[in-house]
Each structure stands twice: as structure tokens, then as C-alpha cells.
Amino acid sequence: MKNLFISQFIYCLFFFFLLNKAVASDCEFQMADMNWPSATLIANVDKFILEEGFGCKVELIPGATTATFVIMNEKGRPQVAPELWINSVAEPLQKAMQEGRLFSASDGPITDLGEGWWVTPDTLKRNPQFRTVLDILERPDLFPAKEDPTKGEFIGCPAGWGCQLSNQSLFIAFEMEKKGWILVDPGSKAGLDASMSKAAQRGENWFGYYWSPTSLIGKYNMKLMDFGVPFAGAENWDSCISKGPEICINPKASAWTESIVKTIVTPEVRDMSKVMKYFSKRTFPAEVMNNMLVYMEDNQAQGIDGAITFLERYSELWINWLPKEIVQKVKKAL
Amino acid sequence: MLDFFTEFPEISRSDIRDIKTSIDNAFRSFSRNYGESIENFFDPLLWFLIWIEKLLLNTPWPIIILIIALLCYLGARNWKLPLASALTFTFIGYLGMWEDTMSTIALISVATIICILIGMPLGIWMSRSDRVQKILNPILDVMQTIPIFVYLLPVLMLLGIGKVPGLIAICVYAMPPIIRLTNLGIRLVDKDILEASNAFGANYKQRLLEIQIPLALPNIFAGINQTIMMALAMVVIASMIGVRGLGIPVLQAIQNQYLALGLMNGLAIVALAIIFDRALQSYGRRLQKHNVGNKK
Numbered sequence: 001m002k003n004l005f006i007s008q009f010i011y012c013l014f015f016f017f018l019l020n021k022a023v024a025s026d027c028e029f030q031m032a033d034m035n036w037p038s039a040t041l042i043a044n045v046d047k048f049i050l051e052e053g054f055g056c057k058v059e060l061i062p063g064a065t066t067a068t069f070v071i072m073n074e075k076g077r078p079q080v081a082p083e084l085w086i087n088s089v090a091e092p093l094q095k096a097m098q099e100g101r102l103f104s105a106s107d108g109p110i111t112d113l114g115e116g117w118w119v120t121p122d123t124l125k126r127n128p129q130f131r132t133v134l135d136i137l138e139r140p141d142l143f144p145a146k147e148d149p150t151k152g153e154f155i156g157c158p159a160g161w162g163c164q165l166s167n168q169s170l171f172i173a174f175e176m177e178k179k180g181w182i183l184v185d186p187g188s189k190a191g192l193d194a195s196m197s198k199a200a201q202r203g204e205n206w207f208g209y210y211w212s213p214t215s216l217i218g219k220y221n222m223k224l225m226d227f228g229v230p231f232a233g234a235e236n237w238d239s240c241i242s243k244g245p246e247i248c249i250n251p252k253a254s255a256w257t258e259s260i261v262k263t264i265v266t267p268e269v270r271d272m273s274k275v276m277k278y279f280s281k282r283t284f285p286a287e288v289m290n291n292m293l294v295y296m297e298d299n300q301a302q303g304i305d306g307a308i309t310f311l312e313r314y315s316e317l318w319i320n321w322l323p324k325e326i327v328q329k330v331k332k333a334l
Numbered sequence: 001m002l003d004f005f006t007e008f009p010e011i012s013r014s015d016i017r018d019i020k021t022s023i024d025n026a027f028r029s030f031s032r033n034y035g036e037s038i039e040n041f042f043d044p045l046l047w048f049l050i051w052i053e054k055l056l057l058n059t060p061w062p063i064i065i066l067i068i069a070l071l072c073y074l075g076a077r078n079w080k081l082p083l084a085s086a087l088t089f090t091f092i093g094y095l096g097m098w099e100d101t102m103s104t105i106a107l108i109s110v111a112t113i114i115c116i117l118i119g120m121p122l123g124i125w126m127s128r129s130d131r132v133q134k135i136l137n138p139i140l141d142v143m144q145t146i147p148i149f150v151y152l153l154p155v156l157m158l159l160g161i162g163k164v165p166g167l168i169a170i171c172v173y174a175m176p177p178i179i180r181l182t183n184l185g186i187r188l189v190d191k192d193i194l195e196a197s198n199a200f201g202a203n204y205k206q207r208l209l210e211i212q213i214p215l216a217l218p219n220i221f222a223g224i225n226q227t228i229m230m231a232l233a234m235v236v237i238a239s240m241i242g243v244r245g246l247g248i249p250v251l252q253a254i255q256n257q258y259l260a261l262g263l264m265n266g267l268a269i270v271a272l273a274i275i276f277d278r279a280l281q282s283y284g285r286r287l288q289k290h291n292v293g294n295k296k
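From first to last, the protein sequence lines stand for chains A and B.
Counting in this note's numbering, the first sequence runs from 1 upward without gaps.
Counting in this note's numbering, the second sequence runs from 1 upward without gaps.
One or more hints might be untrue.
Stated by the list, open to error - Using 25 Å as the maximum straight-line C-alpha spacing, the simulated PhoX-like pairs for lysine-lysine come out as follows:
(1) 146(A) - 54(B)
(2) 178(A) - 243(A)
(3) 20(B) - 219(A)
What the hints contain is simulated information worked out from the structure, not anything from laboratory work.
Here the structure is a predicted model, which is why all the values come from computation and not from measurement.
Start from the sequences, fold in the hints, and give me the full structure.
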């Protein structure tokens, strides 16, 4: 009983301060802490910088792509989604942006992200002539398949994933069968991870599908290959490549469709000009992000541990995001 | 002081991290140094698997169905089973699952052969020595209960994805029943009969091959049946590490909630299990025919 009174009292006090502070700082909002490592890191870095540097009050609440988007769109909170992958919510997002319910604060919180075809660094070191995917396709003999060494082995995407269909279509579009390749289905993410890690650890050649930012890409310093052909249009991709060979009879060779990631905010935050300016400048280069993911995985670091390590290690990077006086404040808080 | 009782005195995070990294690093250097030779060691097995798979895939389908019907007939010596299995396989092929089914049959046959070849001698050994039984029992418990990816992950890092790791996963999971039931069957053989054989001057080999194993056959065949069933249940898991076969469409169906695709391929696995089992069981029953008259 006593506890209840005390908590009520504290609650009142808290509320009082909240009101005061809202008037004082005018910068208080909720931010989505998405359920994958890179988004958690960004959310925690944002929280630290906004709270210590700008004197805001940021509350992190758990999120997931679709769920967060829906409540942001309907309820206007959380007010910020720091790393929202647009492809899965493209249409409703466009509508919400047209109607002024949501805004993009940054069109590229992470650079060079997305899906594609990768090789191990040792492959490139031994074969500096490999400039694009097209060069690799000429040399299936360098990637002998375990079960049929006369063929080259291209590791695709696990059975049942959306990317499985896209990889199958591209396999046809690049005429890989004729060039002596087989498409191997790794069966699961565990299978795909193991196949890539094994090759990278032993310095073997490996050619397959993966995506970034991920800790494995950072850990083994995998190299993304340019496709050597341009992106052959959204229509080719959306209504052919991504539908798989059963529907897509004549796929056109194409680079992988771009994955778009944005920082999305509600009108409430859009009016905070300093915060918006910070978001627009805050960009994580892919390499930094992958290295941080490796660090977080190796040390089983929580988001906040990762954020502080990032701020300590990469100060030359983030000081460019902020005005000078705020840099001082953040550095002091570290 | 109170902390000690409310908070479990656990090892510090940095210590546990050091332990984990040192284990991981030790394994990594082991894999770098010996991975290739271990891979080479398993190569013959891989070639054997591929050879069987190719044989099944390249033989015209009517011949395969004929051979299966013939094998069923040799096992069962009646016309019901061969007819049913021929019809089942025709239907499976008609639904477009022929190639996946052949891959699965290749994998399951090799897995079953390996399980019997290793499992039966182990079971016999276990039945002769209580100490071996004491050591093997907990190992078999581990094999049957340990989450598959826990041991599969190191196997994958050593051998890469594909057929051999799939085979290992299947055998680890499917071998215990044949070991346990061989052991049990031999231990259950009537002591009086053994005494009688001793009195007639039977040597070790005669006692084992002509008395104990034949009398233990019902249990041994129950073990083989369990092994086949469990091997087929593992087909989907094997597909998760890149083994072709009926498991791949099942995985696809699970991911995308394709009800019909999942059901069709799942039922094809069931059909394989039933045909395998019925053929072997009726063969086993014929082997034991001489017993039937003696029983009560």
C-alpha cells in the first residue's frame, strides 16, 4: 500500500517535471528501436547525441518494420524511425508522405547497403582481374562445386525467401547455366552463413548472395561485386525478376534492385529544425557499420554499449554531423 | 551480502566472453588446419551418394518403378505391396516430384545402410558388455536430444553445406534406435537356449550368428523401422543445409505458407517411409517364419 502512495507521488512529481521540461526544451519524443542490430545501434547513437548534445529527451521503444510504420502512420508515435527499410512499405509510405503525415529526415542513414553478389577478399586478391560479376561468370572453374567439380558453384538464397526467386531469375538472365554454373540452395540462413564463413575462414573462393549491413560481411570483409550491367528498370525487376522463373519467362540481366532505407519522422519532429539538421547529416558508411556489428556480436554488446563504443572510436566521423558547441557537449558526456 | 542470494553469482561477462572466443578460435584454427583433410576423408562417401543419386535420376522412370515393385515383391512375396508402391511412385512422379523423390531415396538408403552397418555391431558390442552399455547409453541420449544445429554448425564449418553434413545429421539422429534395439533384442534372448547351445559346444560365432541374432530379429527389425522413420523425418532438416530433395519444397512451403505444396511433398515423404518400412518388415517377417510355429 505504502508503495502505491510513493509511486503515485513520484508519478505526480515526474509529470510535473515533464510538463516543465516540455516547455523548457521543446524536444522530447519517442524513437523506434528496431529489432535488428544496425537499427539498434543507430537508435542508441541518436539517443545519446540528442540527449547529451541537444538536451532532448528521447525514449526508445521496441519496433519492427511493418508494426512501427503502421503506428507511426496512425498514431504519430513513435515520432522517429531511424532505420526504416522502405521496400516493404513503399506504397503506404508514399501516400503518408503525400498527405503530410510522415516525412523523410534522411534518405541514407547507411551507405552502400543492400543485397547483391559477394566474393571473399581472397578471391579478389588472387584474381585482381575480377572487376564485375560478368568477369567472374567467365571463370566457373575457380569456384568448383563440391558435388560436381566440373561446374562452378553459385550460392543462392535460402529456400522460400523472396530473394530465392530473384536469384533464380538472375541465374537465367545471366545465362549462368550455359556458362557452366549451378545454383546451390543453401536451405536456410544457417546454411548460407556457414557456407560463406567456411570459405572466408579458409581463404577459399566463394561466390554467392548476401546482404549488408551484417556482421558476417564485416567480419570477413566480404566484397560486393558490381553486376557490370545497369539496373534494367523497375518493371523488369518488380514484375519479372522478383517473381521467379515460373512467371518470369524472359528476365533481363540487371543489377540488384536498390534497397532504400530512410529515417522517417512525424510532423512533430519535422518542426524541430536542429534535430532535423542532425538527422540529415548523420550517415554511417557501410564499412563503419559492419565493423560495429562485428564488435557488437563478438562482445554481445547491447545497443547502448555499441553506441558508446562507436562514439569513442569514430569521433572523426560523427563530429562532422554536429555543430562545434554540441560536439563539445557530447565529448564531455562520454 | 543479500546480493549473494538474490543475484546468482555468475561468471563475469568478460570472462565468459574470453572462454567463448578461445573455444571459437581453437575451432577455427582446427578447421583451417585439418578441414581440408577431413573433407577429403569424407569424399568417397560423397562420391557414393552422388553416384547413387545419378543412377536413380538417369535410369528411365518405368525401370525404377519396376525395380521398386520387384524389391517389394522380393521382400513381401505378395502382390499387394508392389502394386501399391508402383501406384504411389507413379502418382508422385505425376505430381512433378520425381527428381526430388529420387534424391531423397538416394540419401535415405545410404543413411539407412550406414546406420545399420555401424549401429548393429555397436548394438551387439553393447549387449556383450555392461560397461560398454553404461558408456554408450548417455551418448545415445545426447545424440537423440541435442538440438541439431548445435553439432551441425561445427560440421558445416568443417565440411561446408551439402550432402555429407546432411548425412551426418541424419545418422546422428537416426542411429540410436537400431543400436538400442539390437542390444535389447540380444539381451532378451532366453538364457536357457544359450545354455543349451553351450552344452552342444557352439562357439562364440555360432552362438551369435545362429542363435542370438536370429532370435533378436523382431527387435532388430523394430530398430531398423525406427531408424528409417527418423531418417525420413530428418529430410527437411537436411535440406536446411543445402541437401537437394523433398525437404527443399517443404521449406519453401513453410516460409511462404503454401499449404498445398507443403502437403504434397510432406505426404511424399510419408509415402516413402511407409513403402520402405513395409517392404523391410515383411522381409523380416519372412526371415522369422521358422519361429512362428514354435511360439506358444
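Consistency of the hints with the structure:
no., hint, in the structure
1, 146(A) - 54(B), "holds (15 Å)"
2, 178(A) - 243(A), "holds (22 Å)"
3, 20(B) - 219(A), "holds (17 Å)"
When held up to the earlier numbered hints, the structure conflicts with none and fits them all.
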